[in-house]
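J.: Start from chain A and add chain B according to the hints.
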Amino acid sequence: MMSQDLSSTIAPLVTTVSIVVFFATARLNRGKKSILIPDYRRGVLFVDGIFVKVLEPGSHRVSGSKEQITIVDMRPQPILLERVFFQDAIKNQGVVSVAVDLLVQDPHLAATMARDQVKDGLAILRDQLRTVLSQQIADLRPEVPAKLAEAIAAAANDELRKVGMRVAGTEVTELWSAPLPTSAFNAPVTVQ
Amino acid sequence: MTGAIVLLFSAALIGLAVYFNDRGKPTYVTLLEYQRGILYRRGVPVREVGCGKHRVWTGTELLVHADTRPISISFENQVVALQDGHSALYGILASAQIQDIRKVISSARDYNHVPPAILLRCTRLHLNACSQSSLPMTKETVVNKITEDAKTRLHAAGFELISFRLSQLAIGTVKRQDESAKKETSTLA
Numbered sequence: 001m002m003s004q005d006l007s008s009t010i011a012p013l014v015t016t017v018s019i020v021v022f023f024a025t026a027r028l029n030r031g032k033k034s035i036l037i038p039d040y041r042r043g044v045l046f047v048d049g050i051f052v053k054v055l056e057p058g059s060h061r062v063s064g065s066k067e068q069i070t071i072v073d074m075r076p077q078p079i080l081l082e083r084v085f086f087q088d089a090i091k092n093q094g095v096v097s098v099a100v101d102l103l104v105q106d107p108h109l110a111a112t113m114a115r116d117q118v119k120d121g122l123a124i125l126r127d128q129l130r131t132v133l134s135q136q137i138a139d140l141r142p143e144v145p146a147k148l149a150e151a152i153a154a155a156a157n158d159e160l161r162k163v164g165m166r167v168a169g170t171e172v173t174e175l176w177s178a179p180l181p182t183s184a185f186n187a188p189v190t191v192q
Numbered sequence: 001m002t003g004a005i006v007l008l009f010s011a012a013l014i015g016l017a018v019y020f021n022d023r024g025k026p027t028y029v030t031l032l033e034y035q036r037g038i039l040y041r042r043g044v045p046v047r048e049v050g051c052g053k054h055r056v057w058t059g060t061e062l063l064v065h066a067d068t069r070p071i072s073i074s075f076e077n078q079v080v081a082l083q084d085g086h087s088a089l090y091g092i093l094a095s096a097q098i099q100d101i102r103k104v105i106s107s108a109r110d111y112n113h114v115p116p117a118i119l120l121r122c123t124r125l126h127l128n129a130c131s132q133s134s135l136p137m138t139k140e141t142v143v144n145k146i147t148e149d150a151k152t153r154l155h156a157a158g159f160e161l162i163s164f165r166l167s168q169l170a171i172g173t174v175k176r177q178d179e180s181a182k183k184e185t186s187t188l189a
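Those sequence lines, one after another, are chains A and B. Take the first sequence: its position 164, counting from 1, is numbered 164 in this note's numbering, and each next residue is one higher. Take the second sequence: its position 52, counting from 1, is numbered 52 in this note's numbering, and each next residue is one higher.
Looking at chain A on its own, in the form it has when it is part of the complex:
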């Protein structure tokens, strides 16, 4: 008798609470959308346009009106720089080909500093490649390509770090250089 009274008192209360919970949840989620970030991506969260944090992989609810998320892909982008002609430190003419994987290191910087991560990264890489080669003496000993690859990667990473990117797996796939004809060195120099 006592328990019947209790359940008849509690039941309407629980029903009311559950209906309130149901509609409150629905209302809270109105205007919010779920974003799923897989393990190879990151989300850069902005609230009212201001950077807040980098979202790790997982399921995230964002309010469309207040919060903005920029998704950044952390997977590598293979890049082949083929047949880049250069002049080394002693004015030898040469040709080099380089293969690298371009990766995002800092999702926030990559999202805010680079309009197109691959295009911007490629431009930096090409510039650094020429800079490094113009400071070195390119010879064709077997150990040179590996050392050159290290130097190119180090120089490129110094610059790419500023836009939240980096290169990995750098490999010089082609290297050839030739000295200028000796006549070029014996040519008379005219001083004005």
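It should be emphasised that the hints constitute simulated quantities derived from the structure, not laboratory data. The C-beta atom is built at its ideal place from N, Cα and C for all residues, glycine as well. Please note that a few of the clues may not be correct.
Only part of the chain B face toward chain A is listed, based on derived beta-carbon distances under 8 Å [stated by the list, open to error]: (1) Tyr40; (2) Val44; (3) Pro45; (4) Leu62; (5) Val64; (6) Val79; (7) Val80; (8) Gln83; (9) Gly85; (10) Ser106; (11) Ala108; (12) Val114; (13) Ala117; (14) Arg121; (15) Leu125; (16) Asn128.
Just a few of them, taken from the derived set where beta-carbon distance is under 10 Å, the chain A residues facing chain B [said to hold, decoys possible]: (17) Asp39; (18) Gly58; (19) Ser59; (20) Pro76; (21) Pro78; (22) Ile79; (23) Leu80; (24) Val95; (25) Asp101; (26) Val172; (27) Ala178.
T.: Structure of chain B alone, referenced to chain A:
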């Protein structure tokens, strides 16, 4: 009795609200017989899925799929400098297909770029190590070296090399500009 039913109903209602709030909405994704995918739940790869209809809870799950049909790779008129100052004009013809879907999906932003990049990289690397005099004699050895190197690298990225051959190979003398190098090697060959 009625009170108990009402209680149960209420509990079920709260449970449903919490469940749908947590998991999202159920949708269905159909994979064709040449597609395979990985089901991600809360950002973590949970399992591989084959062809068929799969239920995916939007908001907590994501089905990333890939095409398992062979990828054809064909490049013509590529120029590489040899060790002795000559240059070679070459072309490659190859095909590769997906072996390990998990590795493939994380191998690159666009997995279709991986096999061509690896094959071009390996071919250039091994041809650059040759000289004009040795290349015609050791063409088969060079092709085998390229194939082995490419197989290893493709395997690490989740691909299988089905076939590879040098469709074109001609040797000439080096020129400063690409175009003139191509012309010269063509005429000398």
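J.: Look at each hint and say if it fits the structure.
T.: Against the structure, the hints:
1. Annotation: tyrosine 40 of chain B was flagged as interfacial toward chain A, and the flag holds, the nearest CB pair being 5 Å apart, inside 8 Å.
2. For valine 44 of chain B, the shortest C-beta to C-beta distance to chain A is roughly 6 Å, which falls under 8 Å, so the interface hint holds.
3. Interface restraint check: proline 45 of chain B against chain A, minimum CB-CB distance 7 Å, threshold 8 Å, status holds.
4. A cut of 8 Å between beta carbons decides the hint on leucine 62 of chain B: the least distance to chain A is about 5 Å, and the hint holds.
5. With a least beta-carbon distance of about 7 Å to chain A, the hint placing valine 64 of chain B at the interface is held under the 8 Å criterion.
6. Hint on valine 79 of chain B holds. Least Cβ distance to chain A is approximately 7 Å, under the 8 Å limit.
7. With its C-beta approaching chain A no nearer than about 6 Å, valine 80 of chain B sits inside the 8 Å limit, and its interface hint holds.
8. Of the supplied interface hints, the one on glutamine 83 of chain B holds, with its beta-carbon coming within about 6 Å of a beta-carbon of chain A, less than 8 Å.
9. A least Cβ separation of about 6 Å between glycine 85 of chain B and chain A falls short of the 8 Å threshold, and the interface hint therefore holds.
10. The interface hint given for serine 106 of chain B holds, since its Cβ lies 5 Å from the closest Cβ of chain A, which is under the 8 Å cut-off.
11. Interface restraint check for alanine 108 of chain B: the shortest CB-CB distance to chain A comes to about 6 Å, inside 8 Å, so the restraint holds.
12. For valine 114 of chain B, the shortest C-beta to C-beta distance to chain A is roughly 6 Å, which falls under 8 Å, so the interface hint holds.
13. For alanine 117 of chain B, the suggested interface contact is upheld, since its CB lies about 4 Å from the closest CB of chain A, less than 8 Å.
14. Proximity of arginine 121 of chain B to chain A holds as hinted, the smallest CB-CB distance being about 4 Å (cut-off 8 Å).
15. At about 4 Å, the closest approach between the beta carbon of leucine 125 of chain B and any beta carbon in chain A falls short of 8 Å, and the interface hint on this residue holds.
16. Hint status for asparagine 128 of chain B relative to chain A: holds, with the closest Cβ pair at about 4 Å, below 8 Å.
17. Interface restraint check for aspartate 39 of chain A: the shortest CB-CB distance to chain B comes to about 6 Å, inside 10 Å, so the restraint holds.
18. Nearest Cβ of chain B to the Cβ of glycine 58 of chain A: about 4 Å, under the 10 Å cut. The hint holds.
19. The beta carbon of serine 59 of chain A comes within 5 Å of a beta carbon in chain B, closer than 10 Å, and the hint placing it at the interface holds.
20. Annotation: proline 76 of chain A was flagged as interfacial toward chain B, and the flag holds, the nearest CB pair being 6 Å apart, inside 10 Å.
21. With its C-beta approaching chain B no nearer than about 4 Å, proline 78 of chain A sits inside the 10 Å limit, and its interface hint holds.
22. Given the 10 Å rule on beta carbons, the hint for isoleucine 79 of chain A holds: about 8 Å separates it from the nearest Cβ of chain B.
23. Interface hint status for leucine 80 of chain A: upheld, as the beta-carbon distance to the closest one in chain B is roughly 6 Å, under 10 Å.
24. Satisfaction of the interface hint for valine 95 of chain A is found here, the shortest Cβ-Cβ separation to chain B being roughly 5 Å, below the 10 Å cut-off.
25. Taken as an interface hint, aspartate 101 of chain A checks out: its beta carbon lies about 8 Å from the nearest beta carbon of chain B, inside 10 Å.
26. Because the smallest distance between the Cβ of valine 172 of chain A and any Cβ of chain B comes to about 8 Å, under 10 Å, the interface hint for this residue holds.
27. Hint status for alanine 178 of chain A: holds, given a least beta-carbon distance of 6 Å to chain B, under 10 Å.
This entry satisfies every hint, going by the numbered hints stated previously.
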